[in-house]
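**Student:** Spelled out from the first residue to the last, the chains are:
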Amino acid sequence: MPFANFATSVPVTVDAGKCIAGKGCTACVDSCPLDVLAIDNEKGVAYMRYNECWYCTPCKVDCPTGAVDVAIPYLLR
Amino acid sequence: MHADEFIHRPAGMVTHEVETDILIIGGGTAGPMAAIKAKERNPKLRVVLMEKANVKRSGAICMGMDGLNNAVIPGHATPEQYVREITIANDGIVEQAGVLAYAERSFEMIQYLDSLGVKFERDQTGEYNVRKVHHMGTYVLPMPEGHNVKKSLYRTLRRLRVDITNRFMATRLLTAPDGRVAGVVGINSRTAEFIFIRAKAVVLACGAAGRLGLPASGYLFGTYENPTNCGDGYAMAYHAGAALANLECFQINPLIKDYNGPACAYVTGPFGGYTANAKGQRFIECDYWSGQMMLEFHRELEGGNGPVFLKLDHLADETISTIENILHTNERPSRGRFHAGRGTDYRHKMVEMHISEIGFCAGHSASGVWVDDRARTSVPGLHAAGDMASVPHNYMLGAFVCGAYAGESAADYCAQVDLPPYDKDALLAEQARVLAPTQRDDGFTPHEVEYKIRRMVNDYLQPPKVTRKMEIGRERFAEIREDLSALVARDPHELMRAMEVHSILDCAEMAATASLFRTESRWGLYHHRVDYLATDDENWFCHSLLEKQADRSMACRKQPVTPYIIDIPQAERGSYQSLRVAVAAE
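Taken in sequence, the protein lines are chains A and B.
Be aware that the first sequence starts at 4, since it is given in our numbering, and climbs by one per residue.
Be aware that the second sequence starts at 126, since it is given in our numbering, and climbs by one per residue.
Be aware that a few hints might be false.
[Unchecked claim] A partial selection of chain A residues facing chain B, derived with a Cβ cut-off under 8 Å:
hint : residue
1    : 23
2    : 28
3    : 37
4    : 59
5    : 61
6    : 80
What the hints contain is simulated information worked out from the structure, not anything from laboratory work.
We put the CB at the ideal spot given by N, CA and C, even for glycine.
Please take these sequences and the hints and turn them into a complete structure.
**Tutor:** And the structure:
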């Protein structure tokens with residue numbers, strides 16, 4: 004496949020110590036309008052899979068353990 | 126790590142077939158209200174609410190709203206006064222019946238939302254605390270606790286047993302041989318399963334076309350609108366044969382530069398905040414968003430006194446705390462974090478502003494799918510409501526009211542018709558179109574094609590509009606259309622983006638075609654054509670309607686403005702044309 008990997012920083016970060024995705028929680032993944040979050044099943048932690056963030060913050064507000072942080076995307080900061 | 130999912134699990138292997146009475150596409154603002162009011166009209170009807178994201182947190186108001194911009198509340202404004210204001214603010218090109226239908230139900234809708242638990246600001250006597258922001262009347266009702274709107278709607282949807290399908294994105298409407306709407310085809314953004322929903326009536330409530338222009342930051346998703354609102358509603362209506370009105374009347378809004386969210390000068394206005402130039406001077410009399418206001422904003426931004434700022438630094442500390450509480454907890458709450466990152470404290474620094482990328486949005490301007498005063502489009506059985514429906518300057522409350530009309534009208538329509546037949550070949554053709562990007566392993570990614578379209582939109586369509594530039598833009602869009610057949614999607618999420626790119630390109634072509642059609646300038650900056658600078662009422666006091674022709678080409682025609690129901694005194698007609706503050710000689 005002739006596609007380049009174009010790396011960027013991600014605005015949404017998840018504190019692995021607080022995230023309870025391993026216990027079945029999907030609150031942040033469910034609430035993201037852009038559907039950019041996913042659960043890493045091996046680590047049991049949510050993460051930002053696609054850099055398509057509107058910095059709207061339902062993921063942060065709806066997280067039951069305060070594990071999610073939403074920064075302003077670097078290009079806008 | 127997840128690339129090439131389709132090698133292991135081909136897309137589109139499963140098709141869910143659903144039959145319903147009413148299908149509502151879009152679960153943001155107008156859509157849920159359409160579902161609620163359809164069920165209230167006739168609880169026996171089956172109502173499906175289809176949402177690309179999750180109804181709990183979807184659409185323009187996913188984090189709530191900080192106020193009503195157009196509340197018509199007895200004692201503060203009358204429906205007739207509001208119709209006059211909007212007629213003048215939109216340079217006369219309105220169907221007053223639709224605006225009046227909104228205005229007459231505005232107060233009832235506020236009370237209804239109140240009964241669902243949505244909170245509005247009240248004064249010490251318990252009356253709604255309405256503020257003046259518009260040029261003429263008084264219509265703004267703050268919602269300092271407006272962050273829970275979606276929760277209130279969601280509870281009501283569950284109570285009324287509306288069927289909700291989340292994470293399915295509609296891609297095309299299907300029609301019956303007699304032209305009426307018959308259903309929709311959609312794709313799941315996580316599994317790439319198809320859904321085919323047959324319905325007697327359909328309500329489109331897919332929001333603005335917010336991913337048309339590219340924000341100045343270059344970040345594709347740093348748009349003014351929630352970027353889920355990519356214009357797929359406009360594209361679906363177009364392909365189903367519906368007329369779209371006044372698309373050249375672009376949405377362009379004043380924003381916080383880079384953050385690209387609303388500065389909300391109109392929220393701060395009642396507290397003493399205002400839009401200022403670099404010298405801290407007021408240059409517009411009224412912060413209500415109109416094309417004329419945006420033209421003055423643009424001139425100041427580009428002029429020697431630019432750029433433009435939101436000025437609050439003259440206000441008392443406690444007033445600013447109140448403003449921060451409203452602006453940093455509702456609608457776009459990450460704004461506080463943005464200001465903190467730049468060391469901007471409203472107490473000491475003005476906030477730099479800019480103008481947004483272009484889009485379609487009747488909710489703020491007038492570009493939308495053509496609807497009558499009951500939200501009916503030109504396709505039988507198909508309704509449209511909210512930001513994508515042609516009732517101008519409708520905002521959130523207008524989306525609720527228009528959604529209510531759409532739901533009720535759809536319910537009444539259902540009583541008269543059977544489930545329409547549909548074209549099986551059209552269904553198969555649509556499934557083939559959607560699956561195509563999953564079946565290639567070489568080509569262009571959705572991101573790069575989207576970026577190119579939207580950068581060209583900025584280069585060639587962004588006002589000031591120039592005929593030759595727009596013609597070149599159309600040539601570029603035609604070339605990019607060839608590239609759509611090389612789009613590659615490696616997983617269901619990319620497939621969603623790939624199909625959105627199709628809609629974005631459709632919207633770009635519609636924006637160019639409509640803008641070239643109207644050979645005059647109107648609506649201030651929204652349709653500012655520098656080679657046709659004058660407003661030409663003799664030839665262009667009319668709507669422009671864009672439709673797909675029988676030969677599949679795109680064309681516009683003139684539609685007369687229906688004679689006014691409410692007369693506009695000659696003396697008031699130009700009141701939005703003189704918004705610039707008169708400056709005394711220094």
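**Student:** Are the hints correct? Go through all of them and say.
**Tutor:** Outcome of the hint check:
no. : hint : verdict
1   : 23   : 19 Å, violated
2   : 28   : 15 Å, violated
3   : 37   : 6 Å, holds
4   : 59   : 6 Å, holds
5   : 61   : 4 Å, holds
6   : 80   : 5 Å, holds
The structure does not agree with the numbered hints 1, 2 stated previously, though it agrees with the rest.
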